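S.K.: Could you put together the complete structure from these sequences and hints?
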Amino acid sequence: MEKKQSELCFEILRRFHKAGILDKLILIGSWCVYFYKDYFTGIPYIDQITLKTRDIDFLIDSPSRIRRNVNIPELLEDLGFVTIYKGSKGYIKLDHPDLILEFLVPEKGKGTDKPIPLPRLGMNAVALRFLSLLTVNIIKIKVEDFNVSLPHPANFALHKLIIFQRRFKEEKALKDRNTAVEILKALVNKGEIAIVRQVFNSMLPKWQKRVIKGLEEIKEKEILNILSASTAR
Amino acid sequence: MRGVIKGVLAEELENSLRMEKEYEEALSKLLKGCLAVRKIRGREYYYLVKRIDKKVKYIYKGKISEEERKEYEKAKILRAKYRKLLSQVKKQIRFLRSSLRGKEAI
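Protein chains in written order, with the working numbering: chain A, 1 to 233; chain B, 1 to 106.
Hint data in this document are derived by calculation from the structure and do not stem from the laboratory. Note that the structure is a prediction, hence the values are computed from the model and not measured. A virtual CB, placed ideally from N, CA and C, is assigned to each residue, including glycine. Please note that a few of the clues may not be correct.
What the hints assert, rightly or not - If you only want the chain B side, here are some residues facing chain A, beta carbon under 8 Å, derived:
id	residue
1	V4
2	G7
3	V8
4	A26
5	L85
6	Q88
Stated by the list, open to error - Pair by pair, the computed Cβ-Cβ distance ranges are:
id	chain 1	residue 1	chain 2	residue 2	range
7	B	E20	A	R15	23 to 29 Å
8	B	K84	A	G122	22 to 28 Å
9	A	F168	B	R79	35 to 41 Å
10	B	K84	A	S6	17 to 23 Å
11	A	T53	B	R94	17 to 23 Å
12	B	Y58	A	K114	48 to 54 Å
13	B	L27	A	G122	20 to 26 Å
14	B	L17	A	A19	27 to 33 Å
15	B	E66	A	S202	55 to 61 Å
16	B	R79	A	R14	24 to 30 Å
17	B	R79	A	T53	24 to 30 Å
M.R.: Quick look at the structure:
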């Protein structure tokens, strides 16, 4: 299944690239960790132990910047994706036995529990808090003849440290927490402590407190020391 | 608390059960039957081959538009695809249930 799943993921990326929308999308979620392996070349890395689910999430920073009309359900129909409307609000997901595709946008202002329409893509998106942290520091990973945008691993990990505390399901929280700590440790091994500190310092004080609270909860002293040193400066 | 792996498997089982329903629904919504062509004196006449109860029936359609022909062709391709994926989903459900020891409520 693993190989089939990766092939399907690549095919989706290829089609998005061909349709001219891939550069407007940021790949987030557990699939990010899969693509980070290129970023951590030569560094002991966590891809082997990170559980990839079937969810593949794309973040759109500014939906209004998408100028092309690309009907995504139609674009992926022949691959066997079926469109479903989740919950009473009608969030659109595309289901396939190997992957479940969903779009997300950063929540702005007071937020809403309604889906954000993406009329040019024939989809809608879920607005979630804290996602703006994943849009500010993007890295590009080369895949075949195109680039995939991902949040910098430091942003990804710090975001996970915030959201694991908000998870309803404890096992999901544990998964987020473990992934965050392993990625931060991989960054430390890569000698990118400065970037971790820089990202942490750029966060809102409220968010910083949440990160610290999360690390204290799990007694992760090594990372706590790194971040505490950055706040003391 | 369930372990991380068990939690992920339980979530995947929920997803697969949902997908099973979706593919069954998608299959039921597709155009029924396949087109069969007969050439009589150089002209093409179409029949709709359809299972009605236990019998396979040939329903005369005569000449049909290119658009209608394409719709049936697309339905045929999607039906094969959805059936294959439905069988994959059913296998996943069996695997996930046995991994979670099936009898446990999740």
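S.K.: Hint by hint, say whether it matches the structure.
M.R.: Verification of the hints:
no.	hint	verdict
1	V4	holds (5 Å)
2	G7	holds (3 Å)
3	V8	holds (5 Å)
4	A26	holds (5 Å)
5	L85	holds (5 Å)
6	Q88	holds (5 Å)
7	B:E20 / A:R15: 23 to 29 Å	holds (26 Å)
8	B:K84 / A:G122: 22 to 28 Å	holds (25 Å)
9	A:F168 / B:R79: 35 to 41 Å	holds (38 Å)
10	B:K84 / A:S6: 17 to 23 Å	holds (19 Å)
11	A:T53 / B:R94: 17 to 23 Å	holds (19 Å)
12	B:Y58 / A:K114: 48 to 54 Å	holds (50 Å)
13	B:L27 / A:G122: 20 to 26 Å	holds (22 Å)
14	B:L17 / A:A19: 27 to 33 Å	holds (32 Å)
15	B:E66 / A:S202: 55 to 61 Å	holds (58 Å)
16	B:R79 / A:R14: 24 to 30 Å	holds (25 Å)
17	B:R79 / A:T53: 24 to 30 Å	holds (29 Å)
Violated hints: none; the structure is consistent with every hint.
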